[in-house]
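Visitor: Knowing the structure of chain A, use the given hints to seat chains B and C on it.
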Amino acid sequence: MSFTIARTVDEALAALAAGARPIAGGTDLVVGARHGKAALPTNLVAIDRLDELKSVVTTNDGVSIGALVTHHDIEMHPLLGSSYAGLADGSALVGSPSTRHIGTLGGNIMNASPAMDTGAPLAVMRAEVELRSVRGSRRVPIEELWTAPGKTSAAPDELCVAVHIPAPGARSNSAYVRLEYRRAMEIAVVGAAAFVALNDDGTIAALRVGLTAVSPKIFTGEFVGQIGRSVADAAAVAAQVSSEQATPISDVRASDTYRRHTVGVMARRAVEAAARRAAGETIAIPVNRAIGIGAAS
Amino acid sequence: MTATIKKQSKTPARRFVRADGPDKVTGSGRYAADMSLTGALAAKFRYAQVSHARITKLDVTAARAMPGVFAVLTADDVPDVRFGGMVQDRTLFARDVVRFEGEIVAAVAAVDADTAQRAVDAIVFEYSPLPVVNDVVSALEPGTQLVHEDWASYTAPGVMVRKGNDASYASIARGDVDKALAEADFVVKSHYESDGCHAAPIEPRAVVAQWEGNKVTIWTSTQVPFDARAGVCETLELPNNRVRIIVPHLGGGFGGKCGFHYEAHIAALARVAKRPVKLVFSRREEFLAPDKRREGIVYDFETGVKADGTITARKARLVIDNGAYTSDAGFFSQLAAMHALGPYKIPNVFAEASLAYTNHQPSGSVRAPTAPQTCWALESHIDEVANKIGMDPVAFRKLNAVDTGVEGPSGQTYGEIGVQQCIDAATSAAGYGQPLPDDEAIGVAIGWWPTFASASGAYIKLDGDGSGQIITGAQECGTGAVMTLRQLAADELGMQPEDFELVYQDTSAAPYDMGATGSQTLFNNGRAVIAAAGQIADQLRELAANKLEAAAADIVLADGMAHVAGSPDRGVAITKLAATAAGGELLIGHGSGPPPPAATATGSTCVGDIGMTAWRAPQFSCHAVRVRLDRDTGVVRVLRVSTAHDSGTIINQVGAQGQVEGGVMMGIGQALTEGTQYDDQGNQRNAALLEYKLQTCADAPPIDVQFIEIYTPDAGPHGAKSLAEAPNVATAAAIGNAIAKLVGSPVRRLPMTAERVWGAMQS
Amino acid sequence: MSESFNLNVNGVDYPVNVEQDRNLLSVIRGEVGLTGTKEGCDDCECGACMVLLDGQPVNSCSYLAVQAQGRAITTIEGVMDGEVMHPLQRNILEEGGVQCGFCTPGMILSAHALLQRNDAPSEEEVRIGLSGNLCRCTGYTKIVAAVQRTAVELRG
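Residue numbers (the numbering used here), protein chains in the order written: chain A, -1 to 295; chain B, 40 to 802; chain C, 6 to 161.
Just so you know, the hints here were simulated from the structure itself, not pulled from any lab data.
A couple of the hints might just be wrong.
Covered stretches of chain C (chain B as the covering partner; in silico rule of three or more C-beta atoms under 8 Å from a C-beta of chain B) [said to hold, decoys possible]:
1) 43 to 49
2) 77 to 89
3) 142 to 148
Covered stretches of chain B (in silico footprint by chain C; criterion: 3 or more residues with CB under 8 Å from a CB of chain C, positions within the stretch not fixed) [unchecked claim]:
4) 57 to 64
5) 68 to 74
6) 273 to 282
7) 534 to 545
8) 640 to 653
9) 693 to 699
Quick reminder that beta carbons are idealized off the backbone N, C-alpha and C, glycines included.
If we strip away everything but chain A, and leave its shape as in the complex, we get (with noise of 0.2 Å):
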C-alpha cells in the first residue's frame, strides 16, 4: 500500500493518473473497508490538505462549492443555508457531528450511495460536477453522474473538484426532508427534495422533486403540469407521483411498501416547505428539526 499527502490539486491528479485513489475524510472508505464492502485501496493520495478545494464561490450565475467543503461548513454557511436551503437541509443531517465536520460534499457525492442527503437537493438544483484530470476538466450534470449504487461515471483519474449550483431565481428555493427513526444518527430510509419557484400569485412556477433510498439512483423529475397550480395542489400530485416512481427494496430498515408510502409523504413535505421559503419565510435548517415530529420540543 502507498500513501501520500497532496500539496497541491495537481499533484493530487498526477497521484490518480498514477493510479492512486483520492481519500479526503475517509469516513466512507475507512469504515466500508473495516465492514469488508471493499477494501482499501492500495494507493492512496490523500487531498484533505488541498485549500484551494475548500471554498464557497459566488458565481455570475450560482455558487460553486469546493469538493472539500464539509457538511459542518455546508450547514453553517448563510448563503447556502438561505438560498440552497435544501443542500444544507441534507448536509446538517449527514451523520453524526463529527461525520460532519470531517466529511466533504465531493466525498460524499462520489460515493455515489442513493441513500446519501445531499444528492437529491444538489440533482433538483440541477448542480453540475466539475471534474479534472491531467487530460483536462469537464462539467457533469450530477444526475449524469452516478451510474449505479457506489458507481460513478467519473474515471478513474478523474477529481472532483467542485460542484456548481445555479442560482435558484427569483421567489425560489429548495428543501430536503427525510424519513428518520431517530433525530440523529440517521442514514436514510427514504427523503425527497424539492425544488419550487413561485409565480406572484403564490402558484407553481417551476417544480422539480429528487428521491432518496428509494432507487439504485437518485432521481428527479419535474413536473411541468404543476405549472400555475397551486402547492397545495402540487404537493399532492407530488406525493402520489413520488410514490408511484419508486422502486424500493425491502430490507433491515423497512419494507418496500412502507418506503414507497413515505417517499410520497416526504415529497409532499419538502414540496411544502420549498414552497414556503420560496415565498420569503424561513425556516430553520434543516427542515426535519425545524417542523414536525422532529422539532425540538
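Guide: Just chains B and C now, kept in the frame of chain A:
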C-alpha cells in the same frame, strides 16, 4: 424535575461524587481492553455462522501450523463438561452440533489479531444443516425438530419442568379462573408479541488471562466476577483458589455481561500457549455471541371484569424464546408468569409460561428480564380492558392495583407499599387529563420488580492514619452502587465517604458477592458493609471509652470524633484512636449481612416453582409518558416521561435519579427502535449499531423522577429496596398505551417501530 | 506497507511506524499508549473513540493514522490543565453524568468541540452536538446539564 416524597429516612441528603469519577473523566481509568501484558497474544473465535447443523468435519491442522499461531483449541482440548445456570446444556466449544450462529467452534491465540483471524479462516469446518427452529410458538408443537436431542439427559434442578423444546415450564394458579371468567360481566382477550433485544453496553467485552504456575489471573469485563470464576473452575476443573478474576473498570453491562463468558476459553488458550492471551470483542461479536440478550415473548391474555371495573380473573399463556441454550434463563418462566399477572389484586388466576428452545442466540438476564416486555403486553391489555368497560385506564388501575395490606395475585400480602402513591405522583407530574394537541397523548403503566437477597461479604480496615479501605466482593457496573458503600460505612463510623477507598472487583481480595445482577448490590452488600463498619465502630467505642473514662455504650461516633453522649467536648479524634489501634489490636471489620426473611405466598399452587411467586421488599413504579405521533409515517416521538418509584429508602439521590433516567431511556429504545430481526435461517439481520438503533442524546426527553420513599423493614440498608432494574420496567408499556390512544388500537408487536405503528393505523 | 511519521498528541510529538491502513484509534491506544480513547463499535456509530483533530471532533476509529500527521490531536488525556480538571470534567462528575464511564471521554471531547464553536448553546444545540456519542447508562439528562453549566461558567 426531581422531587422526593419522603416518609421516613435515616440518611441525610448529600451531594454525591463517585469515587471512580476522576479516573473516568480524565481517561486514566483502565477497562479490560486497556490491559496489556508483555508477550500477550490475541485471541479470535471461529463461530458456527450457521444456526443449526451437525458438524461433519473440524480440522485445525492447517491453522495450528501457521507461523505466529500459538494455540488452536476445540472441544477436544478442554474437559468434557456441560455447564449452565440451571439447565446444564452448554459446552465451551460446540460438540457434534452447533445450535446458533454465534456458537464457538474453535479458538485461536496468535501473535496479533490479523494472524489470529487468518488462522480462524484456515480452520476447516464442514457441516450438514439441520432444520432451523426459528419460531418460538411452533418450537413447542409436537414433531418439531428438537434443538437438544439429549435434553432429558441434561442435569437440572428437580423442580424444573422440562419437555423437548420446553426448557422450563411454570404456572401459577389461584381460585377458579374458568368459573370466574364464565361469570364475568366482560371478558377481554389480547394477543401480543415482543422481539428480542440487546443489553448493548457501550464497552464491548474483553478478557485477558495469564498463568503463573498452576494459578491463573483473568482480567475481564464481567458483571459477576464470582460467577465468572465459578464457570472457569467448573469447565476447566480447577479449585476456586487457583483462579483469580479481576475486573478493571466495567463499561456497562445491563445484564449482558452477567454469567460466565469466554474467561475459560481465554484461560485455556493461555495455558496451552504459555503466554498471556487477550480477547477484545468487536461490536458485531457483542451482538451475536453472548448468551445474554432480552428474550422475545409471545403473549395471550384473557381477563374477566365486572361492570364496576373489578378484575375477577386472569388467564395468561406466554411462550418465551430461550434461544439455543438456557444460560441463566431457567427462572424466566415463573418470573414472566408473575409479570403476566402484574401488581393487581385478582382472586382467580392461571398464568403459565414456557421457555422454548430455538436456534437463536441464547436469552439471559438483561435488565429486569421478562419484565419490560411483559409489562408492555399486560399494560396494553389492561388499557384494552378499561376501554371495554368505558373506564379511564388510570382510575381502573387505581381500583385494581395492589396496596398496603392487600393480597396480590399470587397470594402474597404486602406490607406498606407505595404503588397507589406512584400512580398519583406520576400522572400528576405528567398533567394527565389535561387537554392535548390531537397528535399527542399520555399513556400510563405500572410495573413491579422483586429484590433479590443473597449472601454477600465485605471487609473494612481503618489504618493508622485514620484512612479506611472497604474491601468488597461487590461489582460496580456504573450504577454507583459500590460507590455508595463509602457513604454507608462513613455514616456508621461518623466519618466522611472520602475517608474511604474501595478495593473491589477482585475475587482473591474480597469475600463473595453475587455481582452487579438483580439490582442486589446495595441491598445485600450494603448490609455487609454496615455490619463490617459496625465491628470497627465497636472497637473505636472501646478505645474511646478507655481514653475518655466512660462506658463504651455511651460513646457516639460523629464528625470524625468519638465523644461521650451528651458531652460533645469530651471527645477524641477517630484518627487518634486509629493510631492507637495501629500499635495494638488492628481495626478490621468483616460483614456478611444475613438475608432478610423470605416472603410467603399462600393459596396459590405453582408448577415449576422456583420461589419467585413471593417477593421480599417488592418495588413498584408508575410511568406516564407523553408522545407525539406523525400520523403520515407512524414515527413516534417521546416528549416527556414522568416517573414515580417505590424503591424504599433512597440512599444516594443523584445515583438513584441516574438509574431512573437511564432505565427510562433504555425503555424508550425498547419501545420504538430496538428489536432483533432474524432472517429465515435464524441469523440476526441487524447486528450493528446503525441498524439496531439506541436512543441518542437528541432523542432523550425530559424525565421527571419522583421517589415514594417508604422505610421498608426486612429489606436493605436503612429500609432501602433495590433500584437499577425497576426503572426499565414500565416505560415501553406507557409509550404503548399513549400510541394506542392515538392510533385507536394497540400496536401488538414490540418494538413499536414506525412501520408497525403505520401498519396498525392502516388496519 | 508501514510508514514512519510523527503524531502530535496533546502537544507531544510521538514518532510512530505503522501500517498505512491502521486507524488513528489503534495507533493512539497501541503505539502512543494512551488508552482513554475507547473503541465501542467499528463504524462511527457510538462516539467512544472521539478525539479532536485540529480542534474538530473526529471518530478516530474511521480515520487513517497516516492522515493525521501534521495535525494536532487532542485526546481525553489532553483535556486537563496540568493537574486541574477542565470544567467539563468536573461538572459532568458533579452533575452525576458519569456512570460506567466508557462513553465519557468521547462525550467530553464532543462537548469540548461544541463549546469551542458555540459558547452559549441552547439545550437543543447541546443535544444535537452530543448526538454522535451514545450513552447507555445515564439517559443523557445529567450530561446535558453538565455541558450547559460549563458553558455558563466559561462565559463567566
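Visitor: Each hint needs a verdict: does it hold in this structure or not?
Guide: Hints versus structure:
no.: 1; hint: 43 to 49; in the structure: holds (count 6)
no.: 2; hint: 77 to 89; in the structure: holds (count 5)
no.: 3; hint: 142 to 148; in the structure: holds (count 7)
no.: 4; hint: 57 to 64; in the structure: holds (count 7)
no.: 5; hint: 68 to 74; in the structure: holds (count 5)
no.: 6; hint: 273 to 282; in the structure: violated (count 0)
no.: 7; hint: 534 to 545; in the structure: violated (count 0)
no.: 8; hint: 640 to 653; in the structure: violated (count 0)
no.: 9; hint: 693 to 699; in the structure: holds (count 5)
Hints 6, 7, 8, counting from the list given before, are not met by this structure.
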